[in-house]
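> Listed below are the residues making up each chain.
There are 2 protein chains.
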Amino acid sequence: MKEVTIGIDIGGTFTKFGCIDINGKSYNNGVISTDQYDDIHAYIKDLHDEIRKCIQSANEELDIKGIGIGAPNSNYYTGQIEHAANLNWKGKVPIVDIVKQYFRDIPVLLTNDANAAALGEMVFGNARDMKNFIVITLGTGLGSGLVVNGQLVYGHDGFAGELGHVMVKEGGRLSGFGLRGSLETYVSATGIKRTAFALLADTNEESILQDFSYRELTSEDIYNAAMAGDNVAKQCFEYTAEILGKSLANTVAHTSPEAIFLFGGLAKAGDMIIKPAKKYMEEHLIPAFKNKVQIMPSGLLDQNVAVLGASALAWNDITQ
Amino acid sequence: MKEVTIGIDIGGTFTKFGCIDINGKSYNNGVISTDQYDDIHAYIKDLHDEIRKCIQSANEELDIKGIGIGAPNSNYYTGQIEHAANLNWKGKVPIVDIVKQYFRDIPVLLTNDANAAALGEMVFGNARDMKNFIVITLGTGLGSGLVVNGQLVYGHDGFAGELGHVMVKEGGRLSGFGLRGSLETYVSATGIKRTAFALLADTNEESILQDFSYRELTSEDIYNAAMAGDNVAKQCFEYTAEILGKSLANTVAHTSPEAIFLFGGLAKAGDMIIKPAKKYMEEHLIPAFKNKVQIMPSGLLDQNVAVLGASALAWNDITQ
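Each protein sequence line maps, in turn, to chains A and B.
Numbers 1 to 320, taken from this note's numbering, label the letters of the first sequence in order.
Numbers 1 to 320, taken from this note's numbering, label the letters of the second sequence in order.
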């Protein structure tokens with residue numbers, strides 16, 4: 001019998017899952033729709049059936065030691081998804097309790113995707129020997145998971161680690177919550193696009209980016225333009241990295257992590273974002289913190305970190 | 001036999017100590033000079049002799065369960081005071097090892113004064129039932145101690161929790177480290193004095209504060225002027241609280257504490273600083289954090305929090 005935990009990643013459109021052993025090896029995996037279910041119970045029933053099928057069709061006999069769920073707006077303490085804008089189920093959804101009805105006597109845990117990514121890094125990735133580190137996920141927005149003393153920081157209410165919403169520019173760009181100057185309005189796939197348009201407005205320089213509409217332009221287009229030598233596109237990365245680096249200096253003053261891991265689309269730009277971010281961070285650190293904190297890509301880039309992280313949430317609970 | 005821990009507070013001029021039981025009751029206390037000793041060994045020898053005398057002269061027989069030391073630039077992990085500008089002993093001073101030579105078989109722990117204040121709040125003060133909270137000490141500078149999951153946040157290097165050095169104003173006031181816009185250049189006894197001078201420079205309004213030189217003016221003078229109805233002095237508190245509140249909103253996004261305790265001279269201004277700080281913090285929080293986080297005065301105001309906190313450092317280690 002191979003011991004595995006089930007990692008479940010609930011996205012707005014699809015739900016992915018995998019059977020993962022303690023070394024991060026996947027023994028089987030699957031996917032079902034998320035958004036075709038208006039009824040959470042019908043959804044969990046079908047998800048359960050698919051997971052059972054998946055286990056039965058694996059090449060080895062699998063022993064499920066735990067289930068970890070990563071989902072937006074998730075509360076680790078209550079086991080509830082709370083007011084998730086991108087899911088059909090409104091209000092507070094006690095998903096852990098519902099999953100437990102189908103998988104009796106198996107521990108079930110829930111957290112959000114950025115926290116799951118941090119646990120994935122700790123259990124399977126580059127933070128295996130670290131007790132104090134941070135994972136930043138750069139997607140449409142900016143998510144984060146903070147680890148202190150070897151434990152994920154949930155805070156008193158289960159919602160800690162929302163670095164995308166720290167204010168970095170007084171009176172700056174408008175965020176989804178009506179706040180101004182939030183980090184994720186600058187540092188994210190959307191943020192770098194906003195920067196591209198701000199720079200295009202400001203410059204007289206010719207740029208490949210002038211061919212794109214706001215709706216069309218992606219962070220990948222900006223990356224490709226920068227790689228092709230486009231100066232405005234390069235400035236987009238420099239500016240994004242400057243804001244990220246300064247903000248990370250403030251974060252270091254809070255928890256003094258050994259390393260900060262970047263994950264997600266923008267992180268794939270590698271040195272184009274990491275080197276200047278590191279430079280600006282160092283410039284804004286007090287001497288006690290200088291030349292101590294690494295910024296590096298996640299060790300799980302190009303892997304299904306959401307499923308691995310959810311699995312790690314369960315493994316972390318078992319092995320502690 | 002009454003079980004106590006010895007709390008030692010090493011300041012630049014004096015070293016204070018006390019024999020404190022688990023309820024925060026002091027059984028005896030004493031003080032020796034700090035700055036008359038150039039030799040750390042002679043200092044610790046005399047400190048030891050004074051502590052022994054203090055124990056012998058107490059009304060009850062005392063059993064020393066541990067020793068906690070609060071000192072500037074202290075590293076909890078290494079037990080060293082590292083490059084403290086205000087102490088005579090330069091470089092790295094292995095003070096825990098030296099103290100252990102005199103108090104054999106007694107656990108000895110070291111941390112900085114703001115961390116000690118946080119532990120004092122947890123063991124003896126208003127955070128006794130809290131697992132996630134923050135203490136801000138408002139003195140000449142701004143110190144902080146962060147508690148997450150019931151543990152003090154030391155970070156990977158022992159220096160976490162330096163909120164006085166987060167940048168709050170791009171290109172703002174110059175700090176001691178040559179950085180610009182650090183929180184403590186606005187929010188501290190020195191910070192509010194700088195604000196007073198900035199406001200006097202900006203206004204045509206008459207103010208009591210116009211009678212003071214920069215060297216003379218204290219935060220207490222500003223407080224007294226504000227209480228007497230001086231409008232500029234009142235604006236000093238409003239501005240200080242605005243910067244504090246906005247910065248605390250960023251801190252809440254990191255660790256989501258249940259409460260933030262203010263300690264030190266400025267904290268004695270009470271509602272004059274706490275009410276507006278709370279208002280500005282709330283305005284800058286995302287909905288997930290709104291109306292959840294209290295800001296309140298330390299439960300140890302007017303007590304010797306430095307000695308209590310150092311004692312709490314030892315008690316916290318014993319009782320865990």
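Incorrect hints may appear among the rest.
Dumping the calculated DSS-like pairs for lysine-lysine here, alpha-carbon to alpha-carbon at most 27 Å [stated by the list, open to error]:
no., chain 1, residue 1, chain 2, residue 2
1, A, Lys-92, B, Lys-131
2, B, Lys-290, A, Lys-92
3, B, Lys-279, A, Lys-169
4, B, Lys-131, A, Lys-169
5, B, Lys-169, A, Lys-92
To be clear, the hints were calculated from the coordinates, so they are not data collected in a lab.
> So if I understand the rule, the pair passes when the alpha-carbon distance is 27 Å or less; does Lys-131 of chain B with Lys-169 of chain A pass?
violated (31 Å)
> Measure nothing beyond the straight line between the CA atoms of Lys-279 of chain B and Lys-169 of chain A; if it is 27 Å or shorter, mark the hint as holding.
holds (19 Å)
> Hey, Lys-92 of chain A versus Lys-131 of chain B, does the alpha-carbon distance stay inside 27 Å?
holds (25 Å)
> Keeping to a limit of 27 Å between CA atoms, is the pair of Lys-290 of chain B and Lys-92 of chain A held or broken?
Cα-Cα ~17 Å, so holds.
> Measure nothing beyond the straight line between the CA atoms of Lys-169 of chain B and Lys-92 of chain A; if it is 27 Å or shorter, mark the hint as holding.
Distance of about 38 Å is beyond 27 Å: violated.
Hint check: violations occur at hints 4, 5; the rest are consistent with the structure.
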